[in-house]
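Asks: Given chain A, put chain B with the ligand in place with the hints provided.
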Amino acid sequence: MTSITMDQPQQSRLFAAIHQGKIAVLRCWAYLGFIGGASALAMFGSNYSESGYIFQLLSMSGVVWGGAGMLVGIGVGAVLTRSDDTDSPNWQSKLVPWLDGVVVLLLLMGLWTLFEPAASQISYTDQSNLVSVRTIMAMKVLFLFSAACYIAQLFAPESFIGKVASWCAWGGVYAGGSSLLLRWYESYQFLGGEIGHAPVSNLYEVFILLCCVISIIYLSFERRYRTTGLGAFVMFLVAAAVLFIIWLGSYGEADIKPLVPALQSYWMKIHVPMNFVGYGSFAVACAAGMAWLVRARLERSGKNAKLLAIFPSLDQLDQLSYRAVSIGFPAFTLATILGAVWASQAWGGYWSWDPKETWALIVLLVYGAWLHVRVSHGWSGRVLAWWSVTAFVVTLFCFVGVNMYLSGLHSYGHLG
Amino acid sequence: MTQKNLPSLIKILLARLGTMPLAILLLIVLALASSIGTVLLQNQGQTDYLQQFGPLWYWVLRALGMFDMYHSWWFIALLGFLMASVGACLWRNVPRMLGEMRARKITLPDRIWKRMENQQQWEVKGTSVDQVVAQVRTLLPGWDWLQDERDGATWLRGDRGRYHKWGYILVHSAILVILIGGWLSVHYGFRGNMSVPEKGQEKEISFVQGSGVGHLTMPFSVRCNKFHIEFFPNGMPKEFRSNLTIIDHGKEVMTKDIIVNGPLYYKGVRIFQASFGDGGSDINLKLYHLDGSGTTSMAHTAVYDTWKDPTTGVSLEITDFKPYNVENMGDPGKAKKFQDLGPAVEFVLRGKGLKSVKIKSFMNPFVLGDDDRGSFMMVSLTGDAKDYQAVPLGLDFSNPKEWKLFNAFVGRLAQRTSKKSGESGREANINAFKQAVVDVFGDKRPANLPQMGTRVVQSVKTLMQMPWPFLPVLENYDQVYYTGLQLTQDPGINVVWVGSGLLVFGLCIMFYMSHRKIWLRVIKTGETGVNLHLAGRSNRNPLAFTEEFHQLFNKLQQGCGIDTKSTKESL
Ligand code: HEM
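Line by line, the protein sequences are chains A and B.
Start counting the first sequence at 766; every next residue gets the next number (my numbering).
Start counting the second sequence at 64; every next residue gets the next number (my numbering).
These are computed hints drawn from the structure, not numbers from a lab.
Here the structure is a predicted model, which is why all the values come from computation and not from measurement.
Be careful, since some hints might not be right.
Not everything, but these chain A residues come out facing chain B in the computed CB check (under 8 Å) [claimed, not checked]:
1. Gln1110
2. Ala1111
3. Gly1114
Ideal placement from N, C-alpha and C gives every residue a C-beta, glycine not left out.
So that you can see chain A by itself, here it is in the shape it has in the complex:
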């Protein structure tokens, strides 16, 4: 592996000002403190109940516990950063944009709830007037448009189209993320709040999550390394996922439905999103592999110098897919283990060789083999690129195919 300097991205000065320096570090600690306080409220505050917690958090006790945590966090941050210079990048300045993003998502979600129809106009049997239906629609449009722009940019590499493309992708992430949060809230609006649950319970919901996760991972790459050409491939996959969401919606899969007893567990909220961090990063790795293959082909044909200029180099693409897998592999391993923990609670055994479990293992084995291929010498980038594309096909089968074609204990996400 040779090292490559990627051009430093031209981060806007505003961005740097917000995410660096003392204020950013203290803000980061304030968030962490708040999270700590809110967790303490759940654990030690009186009578925690899953559906009532959010109201508890929004009430006086939330202000007390969260606020106290926040103050403690700021204090700790101030002490720890007293001597260090806080201007150069550190872990806090890397973490704080993510936490800021979460806050924006929550604010957006709060904003959407203001437009929610009156309780008397919400019905379980016809969910078409919910606001999330519209915000999800906005997400679909933004992602599709972003994909179109990224692809157009390959042929017209002016920076303007590229900017529009990334802004649309960011917009899609915020629209999608806030709609999921909103859907969570909306699920408590029907049937006396009995069926409320986190929006990760069926294929429709997790595909929205998937689109957002892929885009976030890609966009964070784009911000750190200038990878514009890769966007066309990543957003192409996202666009395909959006089309699948539309297709699912046309089958009436978009409705909020109650959870079967096996899924009524807090493990679902941890296990499923963790899985999707894995799936999302494997998708990015696959896109990098596709870009590698396309670039290699263009290079051989010797034409299209203009097109090549916008692609990252072969080595860069190779490293980007490695970066993506190094997010995905630990995340997916952890998700599989969390799944095993849950299974041991719900089914009485941590491993039952159920098709979904087995395919998760297969995915891990395939990417494990890929990682070993990389460290062993004498294999070319072409093999690795093909491998990341094929491995993603296996991944896709694990997460859609298994539900469609194989039967098993994972009742989650059956079609039809």
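Replies: Just chain B with the ligand, lined up with the frame of chain A:
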């Protein structure tokens, strides 16, 4: 293969066991092998397999253990092979890695300087070597420093993430730990099912063992006091709950509710809510005789029993009973309308000269809004629940008067047609019906007579065509559930969790911590100047390291000495 080749093959295998190509091959083979069992359904009944594959393939597949392949000798051998390979590879690499972590070369030979991708050289005036070295050490506090004087220069070596190789060791040992844990679970644990009817008690579990069923007696018995299902308003189940009592040596030691995701723990055994079903409910069927006599009789039986009619020889084998049957009554594609159709019993009807059929008989009539459309049943001619077809019976059997009216009507109609009174069919019908109404109700006509009349007239066609001597309709029931429990004991589970923790921890070290090394050579130039030469590398993620290296350089360049004259090396 000859005898002579064998030992050398083993030798080669042993030598190759810890090598990368073999590891890659093993991982792929394992992935392929695992996929087989997801396509070929595992642990089904042997007769199903025989039917599906025919005798030849059945025996071939069975000999290969394909019907329980995750426990077959060859799959276990593959896992054993993986363990051997990981073990061999740890054996080969760990000593080297530990050595590398300890040995840190302070100087860099020229040949390596040239190859370093990240390097910078600059000069500082008005300072001394010692001062610069001290400054560097305070400027970069997080680094682990070594210092030495060689060949007229002062060398500094800094390391970060020096223990990165522990990631490798942890990850690969974790694989071994997890597999050992799995082996403990399989060999010293058990996992089986028992069904306990309400008020009943059970001590034995059963489980699939190869192509048969194994049994195991627990050191205690389990009594189910009550099983309860709660439904969402759309008919989906919301909660399954069993109230269980553990009875150990005749003493009731514990009574507790369990739900899915909320098991019970007693004496190292976990008890899970796994399934439920009918535990032999009492069923009373009312038989409406279709021979024109208008009589009825009762059949008193229970789920899983077979009731036989002594006179006709017709038998009813009761297979299931459900107190709720929520169905979507909305038109396809339109908004859903959920409606509970009420209790229903399922049975198979057999008899001489009759095609045996599966019937689901509902207790209540089918009412849509205010419209009583009469009783109905589902009939499957194949005996498969997929082929159920709704058969409207016309009459509302929950109202005994209606059955009377029907029989009176049929009787009167027969009288009229035999008399050949010269009436048209329609007239005969109307007159027969009028007479029948007087027969049954006298002059106190019920308010819903028009609807009742429609149902009676309609049912003449359907009921007279029934091939059976009587129509069995669910009259009442006394329901009993059984709860399906899964009992497990797993001595390996904690080993697996420890292994899993090590695995994730190791992966985080492996992927997110990199071993970064920097070298700084400080040489005195002239009276008050020093020349600094900085180089660095990382064993992974070169993209990020290049960024980090630039930051390091900037920090040192700005922080060392006062008067700086940079002679940046162009890379
Ligand atoms: C299920 C089994 C295995 C898993 C999950 C696994 C996992 C991993 C992972 C995640 C890496 C890191 C790759 C990277 O740094 O990019 C790695 C590296 C490595 N693995 Fe494995 N491995 C397994 C089996 C084996 C076997 C059987 C061997 C024996 C030949 C082996 C030898 C190695 C070696 C030599 C490295 C490179 C370590 C280094 O220099 O950093 N692995 N393994």
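Asks: For a quick check of understanding: which of the numbered hints are violated here, in increasing order?
Replies: none
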